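Peer 1: Guided by the hints, dock chain B onto chain A, whose structure is given.
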Amino acid sequence: MTPVKRDILIGLVLVAAACAVPFLFPGRYVVTQATLFFVWAVVVVQWNLVLGVGGIFSLAQMALFATGAYATAMMGFYWKVPMLAAIPLAGVVTVAAGMLIGLACLRLRGPYVALLTLAIAQVLYVLIVNDTACFTTTGGCMPLFGGVRGIGQFGDLGFRALMPKTWHIAHYFVALGLLVVAVAMSIVIIRGPLGLAFRALRDNPGYAVSRGISRFRYQLWIFAVSAFLTGIAGGFYAVHFRVVGPTVFSFQLLLFLIAMIVVGGLGTIWGPLLGAAVLMLADEGVKELSDYRNIGLGLLLVLFIILQPGGLVRLFSRRPKRAADAKTG
Amino acid sequence: MDVFIQIVASGLTLGAMYAVATVGLSLVYGSLNMLNMAHGAILTLGGYLCYAGIQHLGLHPALALAGAAALCAVVGLLIYLGAALPLLRAEGFETNVFIATIGIGSILENLMLRGFGPYPIPQPLAVPGHVVLGNVHVPLQNLFILGVAVVLMSAVAFVLERTRTGRAIRATSMNREAAQLMGVRVGRVYAQVLAVSGALAAVSGVMISSIATLSPVMGGDPMLKAFIVCVVAGLGNVYGAVVAAIVLGLLEAATQYILGVRWSFATLLLIVILVLIWRPYGLFGRTQVVRL
Chain A
1 MTPVKRDILI GLVLVAAACA VPFLFPGRYV VTQATLFFVW AVVVVQWNLV LGVGGIFSLA
61 QMALFATGAY ATAMMGFYWK VPMLAAIPLA GVVTVAAGML IGLACLRLRG PYVALLTLAI
121 AQVLYVLIVN DTACFTTTGG CMPLFGGVRG IGQFGDLGFR ALMPKTWHIA HYFVALGLLV
181 VAVAMSIVII RGPLGLAFRA LRDNPGYAVS RGISRFRYQL WIFAVSAFLT GIAGGFYAVH
241 FRVVGPTVFS FQLLLFLIAM IVVGGLGTIW GPLLGAAVLM LADEGVKELS DYRNIGLGLL
301 LVLFIILQPG GLVRLFSRRP KRAADAKTG
Chain B
1 MDVFIQIVAS GLTLGAMYAV ATVGLSLVYG SLNMLNMAHG AILTLGGYLC YAGIQHLGLH
61 PALALAGAAA LCAVVGLLIY LGAALPLLRA EGFETNVFIA TIGIGSILEN LMLRGFGPYP
121 IPQPLAVPGH VVLGNVHVPL QNLFILGVAV VLMSAVAFVL ERTRTGRAIR ATSMNREAAQ
181 LMGVRVGRVY AQVLAVSGAL AAVSGVMISS IATLSPVMGG DPMLKAFIVC VVAGLGNVYG
241 AVVAAIVLGL LEAATQYILG VRWSFATLLL IVILVLIWRP YGLFGRTQVV RL
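So the sequences go chain by chain: A and B. Position one of the first sequence corresponds to residue 1 (the working numbering), numbered consecutively onward. Position one of the second sequence corresponds to residue 1 (the working numbering), numbered consecutively onward.
Treat the hints with care, as some may be off.
[Said to hold, decoys possible] So the derived list for chain B, only partly shown, Cβ under 8 Å to chain A, looks like this:
{"#": "1", "residue": "A83"}
{"#": "2", "residue": "E94"}
{"#": "3", "residue": "I99"}
{"#": "4", "residue": "I102"}
{"#": "5", "residue": "I104"}
{"#": "6", "residue": "L111"}
{"#": "7", "residue": "R114"}
{"#": "8", "residue": "L224"}
{"#": "9", "residue": "I228"}
{"#": "10", "residue": "L235"}
{"#": "11", "residue": "F265"}
{"#": "12", "residue": "A266"}
{"#": "13", "residue": "I273"}
{"#": "14", "residue": "L276"}
{"#": "15", "residue": "I277"}
[As the list claims (entries may be wrong)] Computed beta-carbon distance windows for the label pairs:
{"#": "16", "chain 1": "A", "residue 1": "G192", "chain 2": "B", "residue 2": "G260", "range": "30 to 40 Å"}
{"#": "17", "chain 1": "A", "residue 1": "R109", "chain 2": "B", "residue 2": "V131", "range": "41 to 51 Å"}
{"#": "18", "chain 1": "A", "residue 1": "L84", "chain 2": "B", "residue 2": "E91", "range": "38 to 48 Å"}
{"#": "19", "chain 1": "A", "residue 1": "F173", "chain 2": "B", "residue 2": "A70", "range": "51 to 61 Å"}
{"#": "20", "chain 1": "A", "residue 1": "K287", "chain 2": "B", "residue 2": "V131", "range": "27 to 37 Å"}
{"#": "21", "chain 1": "B", "residue 1": "A126", "chain 2": "A", "residue 2": "V148", "range": "24 to 34 Å"}
{"#": "22", "chain 1": "A", "residue 1": "R6", "chain 2": "B", "residue 2": "V261", "range": "51 to 61 Å"}
{"#": "23", "chain 1": "A", "residue 1": "V286", "chain 2": "B", "residue 2": "P122", "range": "26 to 36 Å"}
Just so you know, the hints here were simulated from the structure itself, not pulled from any lab data. Nothing here was measured: the structure is a model prediction, and the numbers come from that model. A virtual CB, placed ideally from N, CA and C, is assigned to each residue, including glycine.
This is chain A alone, in the form it adopts within the complex:
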């Protein structure tokens, strides 16, 4: 069985299982949490493409997510754009933002990229939170980006009106669809020419470069491509919760997501997904200990990096060496 066929098979089994969940556990809580899991899974699958496959130390993924969320909310709030159009448009806006960040950062070496992307995210956060000037006064004073309180009342996908009792199940399937697209894209990229180019650049950079593979160009590609679905996930997040606030920039969230990638397996197709599932479940399990949540997350991150650097998927891998090779330094 070729790797691609195996991936498709795993994917189909998982989708079938996921389709059964809302009927087996019809409670609103389970379905809503699962929806949130899909959103974070989309983000980490895309982030993994940048971090694990492209070898870019980017910490801007949540800033891109926020760009998508804010773009969706603002289009809906200021121009009354219907959400079905606003979310894809937000994806395009996010790609543009990603290209700008990429152009500014990607010519630099690894650690410089990490610092700059972190700083960019922080600046955006500071600018949004400290903005107190009223931009509009309809329904109270609101700054352009909503300030600390964020933006609300920008419409939704229409499921709430259509099926008042079961809209959360509709959202569940929308999020599942997003995740399927995200994973399919990740398979295409990792197994396809782009992944091949990065593998060549890693295995023998001299030969790869002399054959005309430009690291900068491919990194910009992967950065832009992963920005699109990240932005769409952000837009869906905004619509799902009906409000966008600066909390999407929080460092705790960044830590939570990066821990998902590391625990699952950096640079692999199924690793981030597995990591997201494990961490969401673990988070659910330690709800009562929420004070110690971030300490636990930090410990988990450190322990996994030191003791199991290939992540959990490495335990399943028949060739343990490949998982380690798949990550780039």
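Peer 2: The following block gives chain B in isolation, referenced to the frame of chain A:
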């Protein structure tokens, strides 16, 4: 003129604090290629330890400062033994240690949140009084910070230039393998560098909290600025970092006055990005010839 004096006075103080925070980061990156994301948390820890020493143990401020620096040096050492040393043996050190120190920083920060609570506390180490320059009152606190920074920077420069240890550190950062072949105990250099970086972070944490306040998240902002300083100077370039820290401190004070506090960080970042597009390895960084 008064405005000018005001900007220079607060800019130099900011720059001095950034310099102390940055030198540790730069030393560690220079010798280990390790981006220490826990630096901000160590900085905060230093501030809190000094506070606890003065407030709860009734120590003399100077003693509390020294104690905080010593304990943070131990934390730096523990980070080396616990995280950097095992990771150095595996591949992909730069990525792994970067992620691991994010985790360590989060652990430290949340332990402090548990221990000292989320509310800002004033730092008891304060120098009262001020001097008058023209029509501007410059607090002695600022001059004290400047003094401490100058002493520390001179000490670091002396160690780096004039001692065997310093020579070993410089040799390691120039070429790890060659240094090792010449008999430099690279492992010991790493340990020393991380300990020194921890101690410097503690001192800068005390200084920063003495003009602002102590809170568990106070380290994030200075760490980010220290990183920016490092990046502008070229990662691992210690002397460049000091110059860049002071220049950026002055710039920050000026933009704060001209554009308002809200825009100072954004302006700083914009300048940094422009500098990096012009010189991708920083102002003083040597363009490295990458051998494939």
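Peer 1: Go through the numbered hints given earlier and state which of them the structure violates, listing their numbers in rising order.
Peer 2: 16, 20
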